[in-house]
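One-letter residues, chain by chain:
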Amino acid sequence: MAVILSIVIFLPLAGALLCAFLPGNEPTQHRGVALTFSLAALFVSLALWFGFDASAAAPEFQFETKLPWISSLGIGYHVGLDGVALLLLMLTTALTPIVILSTFTAVTERVKEFMIALLVLETAMIGTFAALDLVLFYVFWEAMLVPMYLLIGIWGSENRLYATVKFFLYTFVASVLMLVAIIYVSVQAGGTFDYVTVRQSLHVAPGAQAWLFLAFAVAFAVKVPMFPLHTWLPDAHTEAPTAGSVILAGVLLKMGTFGFFRYAMPLFPEAALRFRPAIATLAVIGIVYGALMSLVQKDMKRLVAYSSVSHLGFVMLGLMALTAEGLTGGVYQMLNHGVSTGALFLLVGMLYERRHTRAIAEYGGIAKQVPWIATCFVIVTLSSVGLPGTNGFVGEFLILSGTWLGRLPSAGFVSAVAATGVILGAVYMLLLVERVFFGKLDNEHNRHLPDLSLREVVVIAPMLIAIAVMGLKPQPFLAPAKPSVDRLLATFQAADDRLRLADPSRPQSVGTAPTELAGGLLDAPTGLLAPKARATETP
Amino acid sequence: MQSPASSAWPQAGLVAYVLGTLAAAGTSFYMVRLYALTFVGKPRSAKAEHAHESSKLMTVPLWVLAILSVVALFLGLPEIHSLGELGEVFKRFTEPVFAQANETLGAEGHHALWPFAAAWVIAVVFGGLAWAMYAGGLQNVPEAFATRFRGTYRLVQDKFRIDELYEVLVIEPVKRTAYWLWRVGDAFLIDGVLVNGAAKTADFLSKAFRFVQNGDIQRYVAIMAAAAAVILWTVLGLGGR
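Protein chains in written order, with the numbering used here: chain A, 445 to 983; chain B, 1265 to 1505.
Chain A on its own, in the form it takes in the complex (with noise of 0.2 Å):
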């Protein structure tokens, strides 16, 4: 059974081997091969999904595979999955053939090249959720950007150079002081990478637990991206090929927060407890400030972009709200900004293709034109921007009611700035489905594009009915992520306490807070309108 899991990370790299032995001047073959392996990929992965076991009695990491790899330093070839890294690996199985079966009339150029390095990111990304030892951790991660660069500098846009070097640089920077933070945190916990034995015998002093957070953090808030380290994404999503920007959107940005949730949070919880009111903040900023970009954009890849930057800035929330309502919420919502900022860039590149530009003034009224890739649109948009009944709507009331109900300082403030930005994100959306899809058809340019193609239909089509599904019947996607869920959170209840043992002053910070608020919406005297009833609560 454990195999399974190497052969799903392994399969895309030997689909990778495959076509550079196939001719460069035959981009069918290219094209067969890499949608087929992707789709062996989603196959196998399949039996992961059903083979999972999410009860809470089960083994934290499942499908698990320890192999020396580099024992004098003791490295290991260690991959296993919990239900986060499980919801993850699909997503990306999952997008990954969607992606390829994009590019057929996309990409005409390099097509084995381009395969290539699709296939070669797609071990990248699986390894990185599925790795168990921080080294084979790191090498995964830093493998996606080798691919990503060339796929943002090669079959980009007009500035791609300088969008490709950016975001080279700028996750590079970041991701080296996590490395050094993997060796110091290796070297106290007895020479090993191996990171559910560094997690148990991990101990180090406060502040030098303080720094080993933050060196993991910043690497991931590049990534995520946090306000203010997120000016990279606009010029990647920007100048990437539509490939590029599914992917870049669907499964790197959550590769920042898999991180927090995996490394940075775990492994370092009192330090994560002391930085947490700060994450908050920038992330409730991110979300504000994400949406006021989107507000004014006039280009729609960055307006997408910068609408990730707000999404995302909702799962850090979740995850800094320390509940389980906002964990759960939060690992929802990576999965709902996969499916639908995914789906945005599809259809963004489907009319990119069409007109070869990305100006939200060159289009309006085009809905007349083609009224299915419109429908497609404000279906996705509806998702986009929470309505209920699709998915984003789950995640974002899980993330808002966790944040409410957790002991975040100030939490009734902080969710209430953070709502703000659900309706700042419906007014960009709005806006954007307008000015693009509706009123008058003034440009000559528009008035003899094609609709969707059958090809483009069953690109499309998955992602709508995830949408739909994920927005009806969750449970299925939230119950593997709660063991996990539960475990972090017990971690945090355990730092909390000793905490609180050092310190009997200090307030409990983690998990909801008691029913008083919840109860107090019915109760007047002692609820709502009784703020300083909470406030003695969580000073």
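Wrong hints could be hidden among the right ones.
[Stated by the list, open to error] List of simulated lysine-lysine pairs, DSBU-like, C-alpha gap at most 30 Å: (1) A:K742 with A:K812; (2) B:K1423 with B:K1311; (3) B:K1423 with B:K1439; (4) A:K742 with B:K1439; (5) A:K812 with A:K926; (6) B:K1464 with A:K742; (7) A:K510 with A:K926; (8) B:K1423 with A:K884; (9) B:K1423 with B:K1306; (10) A:K884 with B:K1311; (11) A:K884 with B:K1439; (12) B:K1306 with B:K1320; (13) A:K884 with A:K742.
[Unchecked claim] Some chain A residues flagged as far from chain B (calculated, every beta-carbon gap over 12 Å): (14) G597; (15) P672; (16) G734; (17) D886; (18) P894; (19) L896; (20) R950; (21) T956.
Rather than coming from a laboratory, the hints here were simulated on the basis of the structure. Just so it is clear, CB atoms sit at the ideal spot from N, CA and C, and this is done for glycine as well.
Based on the hints, put chain B in the right spot on chain A.
The following block gives chain B in isolation, referenced to the frame of chain A:
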């Protein structure tokens, strides 16, 4: 009117009644005005001259709705014993819905007839006024009112300028903030000064150092010789003393 429910704010019931009554007065006024301007008098446009009855598809549902609206009148009649079972049908129908609220609020069911009569009086008076102003003998009043109270007339015509207020107070500030935040905060400060600034600093430093590392061997040797002389001078010779 006075009930324990309004104990927190005793005038609540009265204020609600007055506001509701004003709304009712306005409703009957504007509905009669609408009817008068649409169906009564001479056609005011070429299109109106050629207006014709709509198809059965439209008229039949309208008949049904018209009949039902009259039926609704009987459902809402107050309890008058001479009417027998007809009175307060709607109230009895909705009683279970409000049962709990009535219990909590301690609302006593005492029935006065005068609000029913007042409602009718208001409807008839304001409807009649509208009829007089738009179909009857007072047809010069609207014009006179509009000229006399120009400001009020324009304010009402502009929907009290709520949209404009909203535009000024919310929409424009948000747009402006977003734009300046983007130009100054994002593009200039964060991306320009910090991110590209770091790149430009590295670029500047490397260019500065490149000036010395120009690959000219003779110059390297000359600098080496000069440096060696300085070191020797410092260590062995005059500089050491």
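Do the hints match the structure? See the list:
1. A:K742 with A:K812: Between K742 (chain A) and K812 (chain A) the Cα gap is close to 22 Å, so the pair holds against 30 Å.
2. B:K1423 with B:K1311: 27 Å, holds
3. B:K1423 with B:K1439: 24 Å, holds
4. A:K742 with B:K1439: Holds. K742 (chain A) to K1439 (chain B) sits at ~13 Å (cutoff 30 Å).
5. A:K812 with A:K926: 45 Å, violated
6. B:K1464 with A:K742: Status holds; Cα separation ~27 Å.
7. A:K510 with A:K926: 25 Å, holds
8. B:K1423 with A:K884: Holds, because 27 Å separates the two Cα atoms, which is no more than 30 Å.
9. B:K1423 with B:K1306: 28 Å, holds
10. A:K884 with B:K1311: Holds, at roughly 26 Å.
11. A:K884 with B:K1439: 24 Å, holds
12. B:K1306 with B:K1320: 26 Å, holds
13. A:K884 with A:K742: Distance of about 18 Å is within 30 Å: holds.
14. G597: 16 Å, holds
15. P672: 5 Å, violated
16. G734: 10 Å, violated
17. D886: D886 (chain A) is indeed farther than 12 Å from all Cβ atoms of chain B, at 23 Å.
18. P894: Since the minimum Cβ distance to chain B is about 34 Å, P894 (chain A) lies beyond 12 Å and the statement holds.
19. L896: At roughly 33 Å from the nearest Cβ of chain B, L896 (chain A) sits farther out than 12 Å, so the non-interface label holds.
20. R950: The claim stands: R950 (chain A) keeps its Cβ more than 12 Å from every Cβ of chain B (closest is about 35 Å).
21. T956: At roughly 29 Å from the nearest Cβ of chain B, T956 (chain A) sits farther out than 12 Å, so the non-interface label holds.
Hint violations for this structure: numbers 5, 15, 16, all remaining hints satisfied.
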